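**Student:** Take the sequence shown: its position 130, counting from 1, is numbered 130 in the numbering used here, and each next residue is one higher.
Read the hints as simulated data drawn from the structure, not as lab findings. This structure is a prediction, so every number in the text was calculated from the model and none was measured. Check before you lean on any hint, since a few could be wrong.
Unchecked claim - Below are the BS3-like pairs computed for lysine-lysine, each with C-alpha atoms no more than 25 Å apart in a straight line:
(1) K33 to K155
(2) K116 to K104
(3) K116 to K139
(4) K24 to K192
(5) K104 to K29
(6) K104 to K139
(7) K24 to K120
(8) K104 to K192
(9) K155 to K104
(10) K139 to K192
(11) K24 to K72
(12) K33 to K139
(13) K72 to K131
(14) K139 to K120
(15) K28 to K104
(16) K192 to K48
(17) K104 to K24
(18) K29 to K48
(19) K48 to K184
(20) K24 to K184
(21) K28 to K192
What the hints assert, rightly or not - Simulated restraints on C-beta separations:
(22) I68 to N148: 26 to 36 Å
(23) G38 to Q140: 28 to 38 Å
(24) P176 to K155: 11 to 21 Å
(25) E180 to K155: 31 to 41 Å
(26) K75 to E47: 26 to 36 Å
(27) E47 to Q144: 16 to 26 Å
(28) E147 to E43: 28 to 38 Å
(29) K131 to H62: 35 to 45 Å
(30) D76 to V159: 18 to 28 Å
(31) G49 to L118: 18 to 28 Å
(32) D172 to T61: 30 to 40 Å
Don't be surprised by glycine CBs; every beta carbon is placed ideally from N, CA and C.
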Amino acid sequence: LYIKNTMIITISGNPGSGKSTVAKILIKKLNAKRIYVGGIRRELAREKGMTMEELNEYALTHSETDIIVDEKAAKDARALTGTVIAEGRVMFHFIPESIKIYVKVDPDVGAERIWKDLQKQELVDQRNEGKIESLEQLKQSVRQREENDSQRYKKYYDVDQRDEANYDFVVDSTIPTAEEVADKIIEFVESK
């Protein structure tokens with residue numbers, strides 16, 4: 001699946017599934033380059049003086065906050081050579097020629113992982129989630145964020161990022177470690 005000496009692997013998944021951790025492992029193991037949509041959107045939220053939750057709410061009526069970022073990420077991924085990991089919830093849609101991976105996790109386990117990250121101050125700043133007081137509040141926030149994302153992607157792109165039929169390979173990260181998930185992805189990619 002190399003196009004112009006480039007193999008693009010798109011990674012999507014639900015919140016807390018370990019997409020970023022898995023992507024970082026894949027980057028090392030595959031000597032790949034990374035395009036990270038979440039990081040681009042977090043930076044956009046900071047520039048607008050918003051949390052991610054506020055940006056996602058704003059994005060429901062301001063399509064440019066999604067469309068411009070997603071189109072740019074896809075363009076940047078295609079401009080690279082070698083192996084590219086394009087991490088973003090709808091990159092599978094913008095880069096249909098990619099190997100499309102979905103990392104899923106039980107929503108409660110995903111929220112617990114995010115909560116654990118939010119106990120580290122440097123990750124609080126990096127994630128830009130806003131003020132979260134409890135695990136229960138975070139679970140509600142994560143459910144709301146995923147619903148918000150789904151509404152926007154359906155409205156702007158007519159896709160459901162949660163539909164596993166969109167992907168070439170789906171891996172559950174609820175029990176396996178990120179390293180084990182990455183190894184399963186590599187095994188799948190090598191079989192292609």
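**Student:** Which constraints among the numbered hints does this structure fail? Numbers only, ascending.
**Tutor:** Violated: hints 1, 10, 12, 13, 16, 18, 19, 22, 23, 24, 26, 28, 29.
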